[in-house]
Amino acid sequence: MAETPAFHGGGSAVEPSSSAARLRKIIPGREYWRGLRPSVAREYAEVFGLIGAVTWLGWFLPVSYHVFGHLYLLIVIALSVRVGRWPVFVAAVVSGVAWNYVFIPPRLSFSVLDIDDALLLGTFFVVALIGGQLTARLRAGAGRARQLEQRATALYYLTQALAAAKTVDEGAVSSLGQADDLFNARTALLLAPTEGRLVPHPASSLLLGDEELAVAETVRRSGRPAGRFTDVLPTGPVLHLPLRRGSEVVGVFSVNLGYELEQLSSAQRDLLDGFAAQIALLVERESLRAAGEREKILAESDRLHRTLLDSVSHELKTPLAVLRTAAEKLDTDDARKRASLVGEVRTATSRLDHLVANLLNQTRLESGTLRPQPDWCDARDLVASARRAVGEALARHALRLELPADLPLLRCDAALMEHVLANLLLNAAHHTPPGGAIRVHAGTDAVHGRIFLAVSDDGPGLAPELHATLFQKFSRGPRARAGGLGLGLSIVRGFMLAQGGDVAASRSVEGGACFTVRLPLADPGLVPSDEH
Amino acid sequence: MSTDPTKPEILVIEDEVQIRRLLRLTLEEAGYAMREAETGRAGLDEVLRHMPDAVILDLGLPDQPGIEVLKQLREWNPVPVLILSVFGQEGSKIAGLDAGADDYLTKPFGGGELLARLRALLRRIKPAVATSSFRFGRVEVDFAHRRVKKDGHALKLTSMEYALLQLFITHRDKVLTHRQILRDLWGAKAEGQTHYLRTYVLRLRRKLEDDLDAPKFFQTESGIGYRFVCEADEG
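For the record, the sequence lines run as chains A and B.
Using the working numbering, the first residue of the first sequence is number 1, and each one after it goes up by one.
Using the working numbering, the first residue of the second sequence is number 1001, and each one after it goes up by one.
A couple of the hints might just be wrong.
[Said to hold, decoys possible] As a list, the in silico BS3-like pairs of lysine-lysine whose alpha-carbon atoms are at most 27 Å apart:
{"#": "1", "chain 1": "B", "residue 1": "1156", "chain 2": "B", "residue 2": "1207"}
{"#": "2", "chain 1": "B", "residue 1": "1216", "chain 2": "B", "residue 2": "1174"}
{"#": "3", "chain 1": "A", "residue 1": "166", "chain 2": "A", "residue 2": "296"}
{"#": "4", "chain 1": "B", "residue 1": "1107", "chain 2": "A", "residue 2": "317"}
{"#": "5", "chain 1": "B", "residue 1": "1107", "chain 2": "A", "residue 2": "329"}
{"#": "6", "chain 1": "B", "residue 1": "1216", "chain 2": "B", "residue 2": "1071"}
No lab work stands behind these hints, which were simulated from the structure alone.
Source: prediction; values computed, not measured.
Isolated chain A (complex conformation):
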């Protein structure tokens, strides 16, 4: 049996495509498919050679012609265990003729046989018949055993190759390559998607015409083989076998057997069926794996949803609780208390407002519906609107603006930029203790052609382990005071990228955190002058 070093350490260690290539050279089942036919010509050559040799040698032996009769009998017996039924019969005939013509006196002419010689000659044929029969039977038995062994081996190697394949594609490449060699025919693998027509796998060596594809479709629908050597549409040269997975047909395996093969033995048919079953297994494995991947993705998004729901409901409930309590207490006559309650209500509503805004912004970012409308903007305007939007959250911090008088206009989407700055301001307010200083400064970087705005604070600064996840959604600093969803910076980044800019975090001069947003520097062109 062929040895395959390729699979010693388990197929997975070997690169599948190269193992497929190696396998092609050592196809163990090939003989089996093509049938056991030791050359008939060789057997006849043996017959004539042996008889010729004995006849020629005997010519010089000075012994009675009876001896040669027995010698020929011996030859027929010997041949009967070596060659097939017909060659041994021929051997009996030739031996008889040679004995009579060459040895029975008168030599070199046919003579009428006496009863003894006739009986001996008769035994030639009896021996030939019996021996031939026995040999044929023995041979058939041995052949079957070998066939079984070879079939098992062929399927074993196929299984190995398929097991090593990580995907249907890899498996198809190696198994179809093997099938081509093994069956000495072109083969095709047609995969059945849940909807639509069968899709030929690109590794197929057999291109199916429309007619054959139609036959394959009937196989897929009926789940029964069709084409050559079957009852269904047997006119074409191609045999189509269904790849079954339970009651479902996951694909069709097609072999172009051609017209030379007159019939398909049950052994050959078994091999084909085995092959189809193995490929079906591979397809099933692949679809199971795909289902597993889907499951994983679903679980992951499920986890995200839970996180989102948990924190969103927490974030929503706090201001709602404030609102409800305040509403109940507003009945009081104490004017001072009422004023403070109104203040609480305001804070709660602005917190809710900001939360909803961030959720909507994040959704817009993720749904890909964000279409920035770039326009010329004055940095001062943006900062002023952002301050207005943040409102009271900044009341307890000292805000310092350092915007140079000659700062060029920014090319950006004003609404997005306002959210960016509002989020940065809120972020700074959240991470610095009350009374802290927040500084907004701006400038241009002529070398890189950029204009930047930076929001810095004198708070505790950024924890180094935070840098990696800073701009990811739902990422919150360990020292964040108030709640928050951890969406602010993720939105800042998303909005800046959408506008062709970026954002970076660093340590501020004051020792706190500094967030710098940058945009490409752009020139708006001249403004018509009316100064004389």
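For this one, chain A is given, so just place chain B on it according to the hints.
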């Protein structure tokens, strides 16, 4: 309901009943009479029948987009319209203003804001009082002589700056979109040139505002336009 003919009548077209109740509370307390409609169709009927002094129109109505209601209304009626939109719809706000709305408010909004907007809208249709001068903050504008003074000192304004200031004062407390201002001052082909505006508003602020970083009068409406806000003294 019976309405007092001396009170300005406001029609609210809004499908959220809670918002309508709060608006009623706010408006009636401020001395307005209020009518309400739940759908655009009903709203248009109300306008036809009662000729309100101003309309508050929600952009998200159940039967048709508010913007469609506005367009149909504008085909035959110049009544001042204040549109209500929700967060993140800068585009629809601009579309509403371009379609003839006079101002906008973003939900959630405060009662004070709403009343200020309404006052500005209703003022517009008051018979024009021939004013010769206008005063805001420390600035005094003399229309007759085209002179501007701050703290009593004359300021030099270019003709374009003056025209812009005049436009703002005419539409004080009301939003002006970039397009409206650009078309008015530089003509229709300058409509996209927002940087003209940025430059001129900055110049006006430099000359007239006290704090450049927190402008009090010439306020920017992000992505939409400007609003000139003042406690006006007309003389």
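Status of the hints after comparison with the structure:
A threshold of 27 Å between alpha carbons decides the hint, and for residue 1156(B) with residue 1207(B) the separation of about 9 Å falls inside it, so the pair holds. Between residue 1216(B) and residue 1174(B), the direct Cα distance comes to roughly 14 Å. Compliance with the 27 Å bound is thereby established for this hinted pair. Taken as a hint, the residue 166(A) and residue 296(A) pair is honoured in the structure, with Cα atoms around 18 Å apart against an allowance of 27 Å. Between residue 1107(B) and residue 317(A) the alpha-carbon distance is near 20 Å, which keeps this suggested pair within the 27 Å criterion.
About 26 Å separates the Cα atoms of residue 1107(B) and residue 329(A), which keeps this hinted pair within 27 Å; it holds. The suggested pairing of residue 1216(B) with residue 1071(B) is violated, with an alpha-carbon distance near 33 Å, which exceeds 27 Å.
Figure legend: structure checked against the earlier numbered hints; the only hint not met is number 6.
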